[in-house]
Amino acid sequence: MKLKTVVLITTAILFFQSNLFAAAKMNPVVTAYLNKLAEKQKKKDPSFVWFSAEEGKTLYFKEHLHSKKNKIRNCATCHKKDPTFPAAHADTGKKIKPLAPSVNSKRFTKRKKMNKWFRRNCKWVLERQCTNKEKGDFLVWMFSL
Amino acid sequence: MQRIVILVVIGLTLFISIPLLADDHSTEGLFSFLERENDHEKEEHSEKDGNRFYKSQKKISGVSNELYKEECGSCHMAYQPELLPEESWVKVMKGLSEHFGDSAEFDAKDAQSILKYLKENSADKSEAAVSKKLLRRYKGNAPLRISQLPYFIHEHDEIRANVLKRPKIKSWANCAACHRMALQGDYSERNIKIPR
Numbered sequence: 007m008k009l010k011t012v013v014l015i016t017t018a019i020l021f022f023q024s025n026l027f028a029a030a031k032m033n034p035v036v037t038a039y040l041n042k043l044a045e046k047q048k049k050k051d052p053s054f055v056w057f058s059a060e061e062g063k064t065l066y067f068k069e070h071l072h073s074k075k076n077k078i079r080n081c082a083t084c085h086k087k088d089p090t091f092p093a094a095h096a097d098t099g100k101k102i103k104p105l106a107p108s109v110n111s112k113r114f115t116k117r118k119k120m121n122k123w124f125r126r127n128c129k130w131v132l133e134r135q136c137t138n139k140e141k142g143d144f145l146v147w148m149f150s151l
Numbered sequence: 371m372q373r374i375v376i377l378v379v380i381g382l383t384l385f386i387s388i389p390l391l392a393d394d395h396s397t398e399g400l401f402s403f404l405e406r407e408n409d410h411e412k413e414e415h416s417e418k419d420g421n422r423f424y425k426s427q428k429k430i431s432g433v434s435n436e437l438y439k440e441e442c443g444s445c446h447m448a449y450q451p452e453l454l455p456e457e458s459w460v461k462v463m464k465g466l467s468e469h470f471g472d473s474a475e476f477d478a479k480d481a482q483s484i485l486k487y488l489k490e491n492s493a494d495k496s497e498a499a500v501s502k503k504l505l506r507r508y509k510g511n512a513p514l515r516i517s518q519l520p521y522f523i524h525e526h527d528e529i530r531a532n533v534l535k536r537p538k539i540k541s542w543a544n545c546a547a548c549h550r551m552a553l554q555g556d557y558s559e560r561n562i563k564i565p566r
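Chains B and U supply the protein sequences, listed in that same order.
Those letters in the first sequence? Residues 7 to 151, by my numbering.
Those letters in the second sequence? Residues 371 to 566, by my numbering.
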């Protein structure tokens with residue numbers, strides 16, 4: 007009887023852990039988006055194989071001194087160091103829901119939205135558009151969290 | 371002993387009935403009648419300032435336009451269109467690539483539809499009391515920010531800079547930090563709570 011209980015509890019814990027802490031599964035929209043980005047990247051660089059979560063992470067924390075605002079910014083300025091937590095906009099204080107799809111399944115499910123926010127936020131941080139490689143790395147890192 | 375009981379009963383009756391008499395929406399708490407008086411004083415005060423006295427009691431509500439909420443309400447609150455004159459909204463929407471120094475660009479078709487919504491519901495078109503107040507003493511160039519309208523400045527003149535800089539407030543853009551019902555369009559005194 008006791009053994010049974012222990013086994014049951016362990017199974018339950020394992021079941022919940024696998025759901026809570028495993029990386030988010032990619033949705034069809036983001037998969038298609040990544041494939042498209044990879045296709046473009048391959049044309050540019052024939053040796054390219056796939057995106058790197060590690061480089062995505064580096065990009066996330068890459069600091070840039072904004073020339074007009076004279077402020078150091080990176081993605082974490084608004085989205086915090088851990089994207090699985092809720093955050094707030096650095097200037098306006100507006101609350102931001104977690105960025106990581108493992109805790110917020112609505113993230114990265116609409117292509118139009120992804121395009122819009124890459125355009126806006128890459129400019130906000132880096133004062134330029136992000137490259138296809140950067141976008142891909144970022145997404146791969148996001149889905150690994 | 372009897373005297374004490376009578377005194378307590380009278381005391382209790384008074385305590386309960388005063389707010390009830392003074393305020394017909396007594397659900398707001400026992401001291402809301404005090405705030406009401408404050409509101410009233412303010413009205414008279416601005417009347418003395420030489421402004422027109424508006425009797426309009428019409429209120430604004432929460433933003434219902436989903437597209438506007440989505441496109442404009444991600445980085446800051448989706449301000450009710452009734453809070454800025456039409457000319458200001460036109461200016462804001464023209465300069466989205468340099469929106470207060472940052473890019474806020476989005477789909478041109480969506481932008482067109484949002485501008486239409488903002489124009490149709492701007493402060494000049496609105497019958498709401500707050501819209502009429504916000505247009506008081508405003509002349510000349512349309513400002514880009516609600517916080518540049520004379521009525522806004524007047525109403526917030528007691529907020530010191532160090533209060534505004536508190537992490538939970540940060541900026542005039544963050545209406546809901548203190549106006550707990552801002553999203554519902556309620557900016558009344560009774561729903562203000564300034565975070566520490």
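Quick caveat, the hints were computed from the structure, so don't treat them as lab data.
Among the hints, a few may not be true.
Unchecked claim - No farther apart than 30 Å at their CA atoms in a straight line, the calculated lysine-lysine pairs in the DSSO-like style are these:
{"hint": "1", "chain 1": "U", "residue 1": "K428", "chain 2": "B", "residue 2": "K75"}
{"hint": "2", "chain 1": "B", "residue 1": "K112", "chain 2": "U", "residue 2": "K428"}
{"hint": "3", "chain 1": "B", "residue 1": "K129", "chain 2": "U", "residue 2": "K563"}
{"hint": "4", "chain 1": "U", "residue 1": "K439", "chain 2": "B", "residue 2": "K101"}
{"hint": "5", "chain 1": "B", "residue 1": "K103", "chain 2": "U", "residue 2": "K479"}
{"hint": "6", "chain 1": "U", "residue 1": "K538", "chain 2": "B", "residue 2": "K77"}
{"hint": "7", "chain 1": "B", "residue 1": "K119", "chain 2": "U", "residue 2": "K439"}
{"hint": "8", "chain 1": "B", "residue 1": "K74", "chain 2": "U", "residue 2": "K502"}
{"hint": "9", "chain 1": "U", "residue 1": "K486", "chain 2": "B", "residue 2": "K77"}
{"hint": "10", "chain 1": "B", "residue 1": "K74", "chain 2": "U", "residue 2": "K535"}
{"hint": "11", "chain 1": "U", "residue 1": "K479", "chain 2": "B", "residue 2": "K118"}
{"hint": "12", "chain 1": "U", "residue 1": "K495", "chain 2": "B", "residue 2": "K75"}
Everything numeric in this text was worked out from a predicted model, so none of it was measured.
TODO: Kindly indicate which numbered hints from before are broken by the structure, ordering the numbers from low to high.
DONE: 1, 2, 3, 8, 9, 12
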